[in-house]
Amino acid sequence: MQINVEPLDQSVKQALQWINEVDERMGTHNPRLAMTALQCTLQAVRRQLEPEQVAHLAKCLPIPLKGALFENWRPTAPRPAANRADFLSALQDTVFRNVGITVERAVKASIEVMCKRIPAETVAEFATRLPFDLRSLWSNEPLPYPGHGAV
Amino acid sequence: MTSSVEVLDRSIQQTNLWLDDIATHMGAPDRQTAYQALRAVLMAVRDRIGIDNAAHLAAQLPLMIRGIFYENFHPHGTPTQEETRDAFLKKVSSLISPTVDADPAKATKAVLRVLYERIDPNEVAKVAGLFPMPLRSLWPEETDVPGTREGEA
Chain A
1 MQINVEPLDQ SVKQALQWIN EVDERMGTHN PRLAMTALQC TLQAVRRQLE PEQVAHLAKC
61 LPIPLKGALF ENWRPTAPRP AANRADFLSA LQDTVFRNVG ITVERAVKAS IEVMCKRIPA
121 ETVAEFATRL PFDLRSLWSN EPLPYPGHGA V
Chain B
1001 MTSSVEVLDR SIQQTNLWLD DIATHMGAPD RQTAYQALRA VLMAVRDRIG IDNAAHLAAQ
1061 LPLMIRGIFY ENFHPHGTPT QEETRDAFLK KVSSLISPTV DADPAKATKA VLRVLYERID
1121 PNEVAKVAGL FPMPLRSLWP EETDVPGTRE GEA
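First to last, the sequence lines map onto chains A and B. Sequential numbering of the first sequence, starting at 1, is according to my numbering. Sequential numbering of the second sequence, starting at 1001, is according to my numbering.
Simulated from the structure, these hints should not be mistaken for laboratory data. Take the hints with a grain of salt, since some may be wrong.
Computed from the model, here is a short list of chain B residues facing chain A with C-beta under 7 Å [unchecked claim]:
1) SER1003
2) VAL1005
3) LEU1008
4) ILE1012
5) GLN1014
6) ARG1031
7) PHE1073
Simulated restraints on C-beta separations [to be verified]:
8) A:MET1 with B:ASP1101: 37 to 45 Å
9) A:PRO119 with B:PRO1079: 38 to 46 Å
10) A:LYS13 with B:LEU1017: 18 to 26 Å
11) B:PRO1132 with A:GLU52: 20 to 28 Å
Mimicking DSSO-like on lysine-lysine, the simulated pairs with C-alpha atoms at most 30 Å apart in a straight line are [claimed, not checked]:
12) B:LYS1126 with B:LYS1106
13) A:LYS59 with A:LYS116
14) B:LYS1109 with B:LYS1091
15) B:LYS1106 with A:LYS116
16) B:LYS1109 with A:LYS59
17) A:LYS116 with B:LYS1126
18) B:LYS1126 with A:LYS13
Yeah, the Cβ is synthetic: ideal placement off N, Cα and C, and Gly gets one too.
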């Protein structure tokens, strides 16, 4: 690594902080796998969103993760998942199963880090677009779904 | 230094190469200038070709470069309507940090050349063809897109 351009160097550092936090929460000591989890989760969340919402989410991400968010984006052909099973099936299940963790754990760790590092209003914007039955993934740090706590 | 995240390390290496190529084509003194050129030109191209064409182009870019491409992305209001070379270069100029001394025409030509050299030339030709005739001379002649030769438009 030798980029030597302040905004890029900073964004790489920030991306590594995100990745390391996901890694800690997954408990796998495998940053490469944490990056995969984050990439897959960002793209699964993206599939739920309108282009303007994708743009809002992108603004909150370090440059390398912004690149991951937009990988193979087809803005005019959205395929939002209707429920938890659909949402999770879009992720590379085998990648995680091969190292002994569930795709749920990878998504949970990634979304927890997103919630921590992204401003609350942007989290609220994407959270309301996620399948309702995904919320049981966040028992400790629930997403701000409308009516959360009432059910 | 490596990050132990392969996809990130690979992308950093690719970004180093892109920045060095742009600096060389611009005759720029440093990577900061090359980065400002890359960022400004990618953003101006992205907004000029519209959201769907931009997504196709982005699919060809390395991870970090794709992240730069989508800096300050506002899909509403695109595609932008620059119809003349001056208008497009003015847009590029407005996106380059005032702390950097870069000629917008030189910056644009350098970045579009590196784009042509580093991704699928057919995709680059497709994007060049989306530009109005008066803007096409900013793209490399090798794309073979009508209007890319100086004085042809």
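Hint by hint, here is what the structure shows:
1. SER1003: holds, 6 Å
2. VAL1005: holds, 5 Å
3. LEU1008: Nearest chain A Cβ about 6 Å off; hint holds.
4. ILE1012: Cβ of ILE1012 of chain B sits 5 Å from chain A, so the hint holds.
5. GLN1014: violated, 11 Å
6. ARG1031: holds, 5 Å
7. PHE1073: With a closest approach of 5 Å, the PHE1073 of chain B hint holds.
8. A:MET1 with B:ASP1101: 37 to 45 Å: With a Cβ separation near 27 Å, MET1 of chain A and ASP1101 of chain B fall outside 37 to 45 Å, so the hint is violated.
9. A:PRO119 with B:PRO1079: 38 to 46 Å: Given about 29 Å between the Cβ atoms, the range is violated.
10. A:LYS13 with B:LEU1017: 18 to 26 Å: holds, 21 Å
11. B:PRO1132 with A:GLU52: 20 to 28 Å: holds, 26 Å
12. B:LYS1126 with B:LYS1106: At roughly 22 Å apart (the allowed maximum being 30 Å), LYS1106 of chain B and LYS1126 of chain B satisfy the hint.
13. A:LYS59 with A:LYS116: Holds. LYS59 of chain A to LYS116 of chain A sits at ~15 Å (cutoff 30 Å).
14. B:LYS1109 with B:LYS1091: holds, 14 Å
15. B:LYS1106 with A:LYS116: violated, 42 Å
16. B:LYS1109 with A:LYS59: holds, 28 Å
17. A:LYS116 with B:LYS1126: Violated, at roughly 41 Å.
18. B:LYS1126 with A:LYS13: violated, 35 Å
When the structure is compared with the earlier hints, violations turn up for hints 5, 8, 9, 15, 17 and 18 and for no others.
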